Amino acid sequence: MQPENNSNPPTTPRLRHRRRPTAEVTPDAGRANGNNLLVDDRNKYKSMLVRAYSTVWMIGGFALIVYVGHLYIAAMVVVIQIFMARELFNLLRKANEERDLPGFRLLNWYFFFSVMLFVYGRILSQRLVNTVTSDKFLYQFVSTLIKYHMAVCYFLYITGFVWFILSLKKKLYKYQFGQYAWTHMILIVVFTQSSFTVANIFEGIFWFLLPATLIVINDIAAYIFGFFFGRTPLIKLSPKKTWEGFIGASVATITSAFVLANILGRFQWLTCPRKDLSTGWLHCDPGPLFKPEIFNLSGWVPQWFPWKEISVLPVQWHALCLGLFASIIAPFGGFFASGFKRAFKIKDFGDSIPGHGGITDRMDCQMVMAVFAYIYHQSFVVAQTLSVEMILEEILTSLTFEEQQDLYTKLGQVLHKRL
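In my numbering, the protein residues as written are 4 to 422.
If you're looking for bench data, these hints aren't it; they were derived computationally from the structure.
For clarity, every value in this text was computed on a predicted model and none was experimentally measured.
Glycine included, each C-beta is placed from N, C-alpha and C at the ideal position.
Hints may be right or wrong, so weigh each one.
Subject to a maximum C-alpha distance of 20 Å in a straight line, what follows is the list of computed SDA-like cross-link-like pairs (lysine to any residue) [as the list claims (entries may be wrong)]:
| # | residue 1 | residue 2 |
| --- | --- | --- |
| 1 | K278 | E392 |
| 2 | K177 | M188 |
| 3 | K139 | K150 |
| 4 | K278 | V145 |
| 5 | K172 | L190 |
| 6 | K344 | W185 |
Label pairs and their in silico Cβ distance ranges [unchecked claim]:
| # | residue 1 | residue 2 | range |
| --- | --- | --- | --- |
| 7 | E392 | S137 | 15 to 21 Å |
| 8 | L418 | H187 | 47 to 53 Å |
| 9 | K139 | V81 | 46 to 52 Å |
| 10 | G290 | L120 | 31 to 37 Å |
| 11 | L148 | F270 | 31 to 37 Å |
| 12 | F261 | S401 | 37 to 43 Å |
| 13 | L418 | W112 | 48 to 54 Å |
| 14 | S50 | A386 | 46 to 52 Å |
| 15 | F180 | G124 | 24 to 30 Å |
| 16 | V315 | K239 | 30 to 36 Å |
Between the sequences and the hints, there should be enough to build the whole structure, so can you do that?
Structure representation (structure tokens):
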């Protein structure tokens, strides 16, 4: 019997490992191919009903607040800002570290309300002066507050800064400084931008209502067009966004901007700026932007067309610019928020609005739009020359009561000599 040849060691079968792709496959990787488009979602009708129900309630409440006036709209914006800050503060909160830092969460809100006092003090100072002008004591008191407003807000901030330094604890430095930076990002990116909304409100509800409505229209139109026709993915950050929804929403938004500006621009309650903090009904000269101009269409339309001329408000041409921005640029605020949520692996910022997520989920595009509306209004709508209101504001905020009396006397003497 021939012995076995053991000169070669027995070979073990080599395990074959599957090669990993160069780029790691994430849960979102397959979404760009259309598998998760809204048009293919089996539960889309149920989610649509929930979303529609919440939308009706939001639009109804919004319309009521707009009807009751400027102060109530501004109060609504403040409440929205508080809810947004709450959602974002909780985003990076760690329960274990918080237990070792009693009162640290209060510091975030301290910074928030200090910045709120500074921003709204700057925006509403002149209107507050106009409100109390008839009362000498209140006028002097408010004038003094406005004069030292910046100094007060600065020392409030410095107090918070010292509070933060004194609260630092060993082994928690990284978490605390991360929270400090996160708080300031919220204040700069979220709160400061959304505060432009209040400035728009007092320039005339029109300049708040039209941009805000255009964002809502764009969002609803993109959802509807994507719901029924969306097939081509638009951007990987938002897998359910499609080119069909984006283009359809753009056309709907620009068209709505032109039509809505004509409707809203005919109400003084919406077009008159609010010069004080009262709640009375407004009456004013609407100005040339809100006075209709007649355009003859006889050379542009066929004979059978019923309308031979149309009435157009000059502000409608400005509305087209707002509509163009709301349909093309403002959605990138939503894309930014989508990327942010994916970075932190969350679906929504909150769950306060059924079918929509949190307050922040609905305000991402509104913040971008509010800043643009304010800048556009100040750059292309407001006259860039000195006005009586601008000079009066400088006098009331920069001069003491005695200096104002002296100016009044000298101005009277000058005018008397010219008569």
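Tested hints:
A hinted pair counts as satisfied when its Cα atoms are at most 20 Å apart, and K278 with E392 qualifies at roughly 9 Å. A C-alpha spacing of about 16 Å is found between K177 and M188, which places the hinted pair at or below 20 Å, so the restraint holds. For the hint linking K139 to K150, the alpha-carbon distance of about 16 Å falls within 20 Å, and the restraint holds. The hinted pair formed by K278 and V145 meets the criterion: a straight-line CA distance of about 16 Å does not exceed 20 Å.
Restraint check for K172 and L190: not satisfied, since their Cα atoms lie roughly 24 Å apart, outside the 20 Å limit. Annotation: proposed proximity of K344 to W185 holds, straight-line Cα distance about 15 Å (limit 20 Å). Take E392 and S137: their Cβ atoms lie about 18 Å apart, and the range 15 to 21 Å holds. Between L418 and H187 the C-beta distance comes to about 51 Å, which sits within the given range of 47 to 53 Å.
Between K139 and V81 the C-beta distance comes to about 30 Å, which lies outside the given range of 46 to 52 Å. Between G290 and L120 the CB atoms are about 33 Å apart, so this pair conforms to the stated range of 31 to 37 Å. For L148 and F270, the hinted distance range of 31 to 37 Å is satisfied, since their beta carbons lie about 34 Å from each other. As the Cβ distance of F261 to S401 is approximately 42 Å, the hint placing it in 37 to 43 Å holds.
At roughly 52 Å, the beta carbons of L418 and W112 sit within the given window of 48 to 54 Å. With their beta carbons about 48 Å apart, S50 and A386 fall inside the hinted range of 46 to 52 Å. Separation of F180 from G124 is about 29 Å and conforms to the stated range, judged on CB atoms against 24 to 30 Å. At about 41 Å, the CB distance of V315 to K239 disagrees with the hint of 30 to 36 Å.
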